[in-house]
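A.B. asks: Chains as they are written, first to last, in our numbering: chain B, 135 to 462; chain G, 3 to 244.
Because the hints were derived from the structure by calculation, they are not lab data.
These figures come from a predicted structure and were not determined experimentally.
Misleading hints may appear alongside valid ones.
To be verified - Chain G is faced by these chain B residues, among others (derived, beta-carbon under 10 angstroms):
(1) ASN291
(2) VAL294
(3) THR341
(4) GLU351
The beta carbon of each residue, even a glycine, is placed where N, CA and C say it ideally should be.
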Amino acid sequence: MSPQRKTWLPKLAVIAIFLLPILIINPKTYITLTISGLAMGMLLFLVSSGFSLIFGFLSVLNLAHGALFTWGAYIGFTAFTLINKWTGWGGPNSIFLNIVIFLLALIVAALLVAVLGIITERLVIRPVYGSHLFQIFITVGAMIVMEELIRIVWGPNDEVMPVPFNFMGSWDLFDVVVSKYPLIAIVIGFILYLIIFMILRKTKIGTIVRAGVENPEMVQVMGHNIYRYFTGVFAAGSALAAIGGGMWATFVKSIHPAMGGEIIVFALIVAIIGGLGSMTGSVVGALMVGLSYNYVAYLVPKAALGITMLLLVIILSIRPTGLFPEGT
Amino acid sequence: MEADLVAEPILKVEGVHTFIGKHHILQGVSFTVHPGKVTVLLGRNGAGKSTTLRTIIGLLSPSQGTIFLRNRAIHHLKPYEISRLGIGFVPEDRGIFNFLTVEENFRVAMLQEDGKTREMMETIFDIFPDLKKFWKTKAGNLSGGQKQMLAIARPLVNRNELLLIDEPSKGLAPIVIDHLIDSINKLKEYTVIILVEQNFYMASSLGDDFYLFDDGKTVHQGQMQELIQNEDLKKKYLGISG
Chain B
135 MSPQRKTWLP KLAVIAIFLL PILIINPKTY ITLTISGLAM GMLLFLVSSG
185 FSLIFGFLSV LNLAHGALFT WGAYIGFTAF TLINKWTGWG GPNSIFLNIV
235 IFLLALIVAA LLVAVLGIIT ERLVIRPVYG SHLFQIFITV GAMIVMEELI
285 RIVWGPNDEV MPVPFNFMGS WDLFDVVVSK YPLIAIVIGF ILYLIIFMIL
335 RKTKIGTIVR AGVENPEMVQ VMGHNIYRYF TGVFAAGSAL AAIGGGMWAT
385 FVKSIHPAMG GEIIVFALIV AIIGGLGSMT GSVVGALMVG LSYNYVAYLV
435 PKAALGITML LLVIILSIRP TGLFPEGT
Chain G
3 MEADLVAEPI LKVEGVHTFI GKHHILQGVS FTVHPGKVTV LLGRNGAGKS
53 TTLRTIIGLL SPSQGTIFLR NRAIHHLKPY EISRLGIGFV PEDRGIFNFL
103 TVEENFRVAM LQEDGKTREM METIFDIFPD LKKFWKTKAG NLSGGQKQML
153 AIARPLVNRN ELLLIDEPSK GLAPIVIDHL IDSINKLKEY TVIILVEQNF
203 YMASSLGDDF YLFDDGKTVH QGQMQELIQN EDLKKKYLGI SG
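The shape of chain B in the complex, shown without the other chains (with noise of 0.2 angstroms):
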C-alpha cells in the first residue's frame, strides 16, 4: 500500500463512520445534529486547546483550567451585562451591535483571565515544575478557590447568560431549522483555529513554543527564557479557556460555579485524542467528541458520555499518543 493510500484510508473510515446516523435518523434531523455536533465540538476545542498546549509546552496538568473556563463564562456575563446597560448594543437594533458586544465580551474576559492564569502560574504553578503529582494536588486546590472565590463574588446560585438578540432563534435553510448561535460558535470557533494555527505556524513565537512542546530543555539552551514562554503560553491558554467559557455559557444561556468541573473531563479526553500539545488534534479530537455526543445524545441519550469514553478508549488502543502527536 502506498503510503499516501495509508494515510488518507484511515481520515476516510472516520468520515465514514460520521456519515452511518445517517442511515437510521432522518436527514433533516442528521443535518441539525451535525451542526449541534460541530458548534460542541468548535466550544470543547476552545477549552481542551489550552489546556493541551499547557500540557504539551509547560508538562503541567493543570486542573484549574475548568477554573478558569468558569471565569471567563462569569466576566463574560458581567462584562456584557454591564456594556448592554450602558449602550444596548445587545438589543435588537443591530446585528452588527450585537457581534461587537459579543466580541467585547469575550476580549475582556479573555484578558481578565489572562493575568488571573499569569497570577496562578507564578505563585501556585511554578513552585511544582516537573511533578505531576503536586501539580496535581496543587491545581485541584486552586481551582476549588477560585469556584469558592466565583460564589462570594457572584453568589452561588445559577445565573441566565444573557444572549445578543439577534444570535437567538433559527434559519430555515432548505426546510431545515439551523438553529443561529451554534452556526456562529463554528465560524468563530474555526477562525480562532485558524489564528491559533497561523501563530503556531508562521511566527517566530510560535516555533520556539512548538519546539518547547518537543524539547524545552534545548529551547532554554538556545537562549531563550523559557519562563517568559512558560507565562505567556499559560496565560494564552487560560484566554481560550476564557473565551471558551463565555461562549459556552451562551450555548447553553446559563453558569454557575462549578461548570468548568463539568467540561474539564471532556477538555482533558479531547487533548487526549487529539495528542497533548497538538492544536490540529484538538480541533479533530473536538469534533468527533462533539458530533459522536450528539448523534450518540439522540439516539440513546443515556450513552452519550459513554460513547465519548469509548472513543477515547479506541483512539488510544490504535494511537497511544493521540492522533496528531506532532505538536501542532
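Please build the complex by placing chain G on the supplied structure of chain B, with the hints as guidance.
C.D. replies: This is chain G only, laid out in the frame that chain B set:
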C-alpha cells in the same frame, strides 16, 4: 605550543562539584580551554564528561567551584543567559526538534536575523550542504548523520565563540564519522570546540588538547599527540590497548 598555553583562556573551570539528585557526580573538575583549539574530554562511561558539559551550559548547577567565560563568572547564570554569552551546546541525544523542519530548527536557534546571520548561514551551507538540500524537510526524517550535522550547525548560526559537543559519533556508521570529522575540522576556523567523545579515532583526529576524567575528576591533561603515543594512559583510563 608553549605560547598558546599561556594565552588567555576562553573558558576556565575550577574545582567544580556537581550533584545529580543525591549522587555526587563531579568531584573537583578543573580545566582550561584555549582559543583556536579543540579540547577533548575523555574517560570511561560515567566519569563525568557529559555532566561537565551540562554544568558549563547551566543545565546543572555546581555546588562548588567556578566557571569563567573570558574572565566572566557564569556558574550562577541560567542556561539561556549562558547561551546568549556565546556558548552553544550539542547534547548527546542531539536535541533536534524532530517535528520542525530544518529551517524551523535554525529559526529557533537564531537570536538575531540580520546580514551577519545570513552570511553565517551561507558558511554553514558550504560546510554542511545536505542542510540546504533538506531545508524544508522535517528534521525527524533526516538520516542519523544529517541530524548530527543539523545539531552541530544550529548553534553556529549565532557565531558562538565556544561550542560544546557531546558524543557526536554516537550511533553513526564509520563512513559518516569520517565525513563528520571533516566537517568539524572546518568549523575550527569559526569556533572553539570542547568535545566529549568515546570514539578514540574521532577524538584523536580532532583534538588538540585533552583532559582525562576518572570518577568525576580531571586526572590527566596534555596534548593529544602525547596521549596517542601513551599506551599506559590509554589502557588505564580508556580501556584501549594496541
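A.B. asks: Looking at the structure, which of the earlier hints fail to hold?
C.D. replies: 1, 2
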